[in-house]
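Below, each chain spelled out in residue letters.
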Amino acid sequence: MLKFTEEHEWLKVEGGVATVGITEHAAGQLGDLVFVELPETGATFSKGDSAATVESVKAASDVYCPLDGEIVEVNQAIVDDPALVNSDPQGAAWFFKLKLADPRSADALLDEAAYKELVG
Amino acid sequence: MRQTWRPDLETISRLSHTPLHALHLSRGARMVPFAGYEMPVQYPEGVLKEHLHTRAAAGLFDVSHMGQVTIRPRSGRIADAALALEKLVPVDVLGLAEGRQRYALFTNPEGGILDDLMIANRGDHLFLVVNAACKDADFAHLKEGLGDSCDVRLLDDRALIALQGPRAEAVLCELWADVASMRFMDVAEADLHDVACIISRSGYTGEDGFEISIPTASAVDVTQRLLEHPDVLAIGLGARDSLRLEAGLCLYGSDIDTGTTPVEAALEWAIQKSRRAGGERAGGFPGADRILAELANGTSRRRVGLRPEGRAPVRGGAKLFADADGAVPVGSVTSGGFGPSVDCPVAMGYVETAHAENGTQLFAEVRGKYLPVTVSALPFVKQTYKR
Numbered sequence: 004m005l006k007f008t009e010e011h012e013w014l015k016v017e018g019g020v021a022t023v024g025i026t027e028h029a030a031g032q033l034g035d036l037v038f039v040e041l042p043e044t045g046a047t048f049s050k051g052d053s054a055a056t057v058e059s060v061k062a063a064s065d066v067y068c069p070l071d072g073e074i075v076e077v078n079q080a081i082v083d084d085p086a087l088v089n090s091d092p093q094g095a096a097w098f099f100k101l102k103l104a105d106p107r108s109a110d111a112l113l114d115e116a117a118y119k120e121l122v123g
Numbered sequence: 006m007r008q009t010w011r012p013d014l015e016t017i018s019r020l021s022h023t024p025l026h027a028l029h030l031s032r033g034a035r036m037v038p039f040a041g042y043e044m045p046v047q048y049p050e051g052v053l054k055e056h057l058h059t060r061a062a063a064g065l066f067d068v069s070h071m072g073q074v075t076i077r078p079r080s081g082r083i084a085d086a087a088l089a090l091e092k093l094v095p096v097d098v099l100g101l102a103e104g105r106q107r108y109a110l111f112t113n114p115e116g117g118i119l120d121d122l123m124i125a126n127r128g129d130h131l132f133l134v135v136n137a138a139c140k141d142a143d144f145a146h147l148k149e150g151l152g153d154s155c156d157v158r159l160l161d162d163r164a165l166i167a168l169q170g171p172r173a174e175a176v177l178c179e180l181w182a183d184v185a186s187m188r189f190m191d192v193a194e195a196d197l198h199d200v201a202c203i204i205s206r207s208g209y210t211g212e213d214g215f216e217i218s219i220p221t222a223s224a225v226d227v228t229q230r231l232l233e234h235p236d237v238l239a240i241g242l243g244a245r246d247s248l249r250l251e252a253g254l255c256l257y258g259s260d261i262d263t264g265t266t267p268v269e270a271a272l273e274w275a276i277q278k279s280r281r282a283g284g285e286r287a288g289g290f291p292g293a294d295r296i297l298a299e300l301a302n303g304t305s306r307r308r309v310g311l312r313p314e315g316r317a318p319v320r321g322g323a324k325l326f327a328d329a330d331g332a333v334p335v336g337s338v339t340s341g342g343f344g345p346s347v348d349c350p351v352a353m354g355y356v357e358t359a360h361a362e363n364g365t366q367l368f369a370e371v372r373g374k375y376l377p378v379t380v381s382a383l384p385f386v387k388q389t390y391k392r
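If you're matching them up, the sequences are chains A and B in order.
Using my numbering, the first residue of the first sequence is number 4, and each one after it goes up by one.
Using my numbering, the first residue of the second sequence is number 6, and each one after it goes up by one.
Treat the hints loosely; a few may be bogus.
In silico SDA-like cross-links for lysine to any residue, where the CA-CA straight-line distance does not exceed 25 Å [as the list claims (entries may be wrong)]: (1) Lys50(A) x Leu5(A); (2) Lys374(B) x Val82(A); (3) Lys100(A) x Asp65(A); (4) Lys100(A) x Lys374(B); (5) Lys374(B) x Val75(A); (6) Lys50(A) x Lys374(B); (7) Lys374(B) x Glu76(A); (8) Lys119(A) x Arg35(B); (9) Lys374(B) x Ala80(A); (10) Lys54(B) x His28(A); (11) Lys324(B) x Glu40(A); (12) Lys54(B) x Ala86(A).
Taking beta-carbon pairs under 8 Å as the criterion, some of the chain B residues facing chain A (in silico) [unchecked claim]: (13) Val52; (14) His56; (15) Gly342; (16) Phe343.
So the derived list for chain A, only partly shown, Cβ under 8 Å to chain B, looks like this [as the list claims (entries may be wrong)]: (17) Pro42; (18) Val60; (19) Asp65; (20) Asp91.
Derived by calculation from the structure, the hints in this document are not laboratory data.
No residue lacks a Cβ here, since even glycine has one placed at the ideal position from N, Cα and C.
Start from the sequences and build out the full structure, keeping to the hints where you can.
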């Protein structure tokens with residue numbers, strides 16, 4: 004199940020665990036990234052908490068935790084090579100895997116059609 | 006996702022346009038409000054590539070938002086204009102030869118900096134370039150200070166572009182061969198495609214390059230011809246900021262303002278001997294008591310370069326500490342970001358003089374963590390001026 008937030012994160016939900024990243028639209032708006040900071044594995048976040056930071060030459064942006072849950076894995080590849088977020092944001096450049104506190108909470112997020120409408 | 010830090014761009018409902026506004030749009034620029042103007046922050050290439058292109062070939066910047074001012078002495082004697090202007094700046098204007106330009110600062114009675122600017126001697130008049138956000142205040146300041154003896158005009162009929170980078174000279178030579186004979190800080194009049202332009206060999210990137218003042222009616226034509234050259238890429242304000250930061254150059258409003266003095270800002274090189282204690286025209290500018298005392302005795306804080314040790318950029322506003330626990334505050338960052346050419350984060354800021362020595366380790370507070378940074382010599386990149 005692929006879901007989206009209005010804050011431009013995407014989630015791929017499988018068996019109560021969501022793989023989370025930022026959308027192609029967001030990556031395009033940010034421009035070339037030079038730094039990514041990810042959360043610690045085992046950290047727990049509430050929906051809307053800042054869970055990661057991405058920085059371009061000019062600006063820093065927070066990536067929010069899209070739902071309540073616990074970080075079970077992070078993608079070191081985007082820390083080592085932030086440019087991967089620009090080249091493959093909705094594939095290889097996922098940010099973290101989140102074990103959802105409530106597996107059904109993702110149902111309420113945007114589907115792909117609704118997100119595409121949002122960003123035009 | 007939400008941007009938590011962005012360049013200081015104010016929102017103004019009625020934004021002015023430069024003569025090159027439509028050209029920016031046609032090239033796909035992302036436009037932002039800046040100093041009352043709608044300006045290109047980046048083009049489709051993006052800040053990183055624009056920055057690297059400028060250092061590798063040539064970048065073209067629209068800086069028409071900046072103020073261009075002429076000061077003409079009613080007596081007809083340029084020395085009268087120079088001496089009148091010296092009452093507002095701690096700089097040797099009288100000694101500035103015809104066809105030469107010099108960096109200067111408007112100071113206030115407390116020794117703070119009202120603006121930084123360029124002053125050129127154009128033979129029968131002085132030509133100034135001042136910051137966009139300060140230009141109306143600077144014009145009023147100049148009228149009040151020099152109005153008795155000089156005609157002061159804020160020009161509204163000229164665009165200003167900058168062509169910067171190692172290929173700038175070769176590109177401009179194709180329009181005007183004499184440009185090769187200019188040295189850093191020379192100013193000359195030139196016909197580019199029969200358009201009377203004023204060219205200075207200077208800029209805001211640390212690279213060799215030129216600033217070109219063009220009559221508004223011909224601005225698009227001259228700019229387009231330069232952009233047609235395969236070595237030239239249009240560059241937005243984003244890369245302009247990262248280029249000047251790597252070059253260690255101050256941004257007015259961030260690194261210097263009315264609360265900083267020229268000596269605190271490590272800009273004493275802009276105060277020539279003739280205006281210092283013992284000089285032929287010592288003092289005689291606003292804040293001279295404080296600034297001359299600081300030249301003699303030093304200041305309690307200094308502007309320094311800062312190199313964060315990791316990959317995380319340390320932005321303007323970050324607090325600096327002597328210790329890794331954030332117990333001993335020693336200053337703050339005024340400009341910071343990622344330097345594409347040095348491929349690491351770079352910053353500058355003010356620290357207590359006891360901690361201002363190159364090589365001193367400090368700690369910057371970023372998102373609740375204390376990241377090690379090292380006080381480092383400016384600039385971060387080698388300047389390539391043609392002296």
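Results for each hint:
no.	hint	verdict
1	Lys50(A) x Leu5(A)	holds (17 Å)
2	Lys374(B) x Val82(A)	holds (18 Å)
3	Lys100(A) x Asp65(A)	holds (17 Å)
4	Lys100(A) x Lys374(B)	holds (24 Å)
5	Lys374(B) x Val75(A)	holds (23 Å)
6	Lys50(A) x Lys374(B)	holds (23 Å)
7	Lys374(B) x Glu76(A)	holds (22 Å)
8	Lys119(A) x Arg35(B)	holds (21 Å)
9	Lys374(B) x Ala80(A)	holds (23 Å)
10	Lys54(B) x His28(A)	holds (19 Å)
11	Lys324(B) x Glu40(A)	holds (20 Å)
12	Lys54(B) x Ala86(A)	holds (13 Å)
13	Val52	holds (4 Å)
14	His56	holds (7 Å)
15	Gly342	holds (6 Å)
16	Phe343	holds (4 Å)
17	Pro42	violated (12 Å)
18	Val60	holds (4 Å)
19	Asp65	holds (5 Å)
20	Asp91	violated (17 Å)
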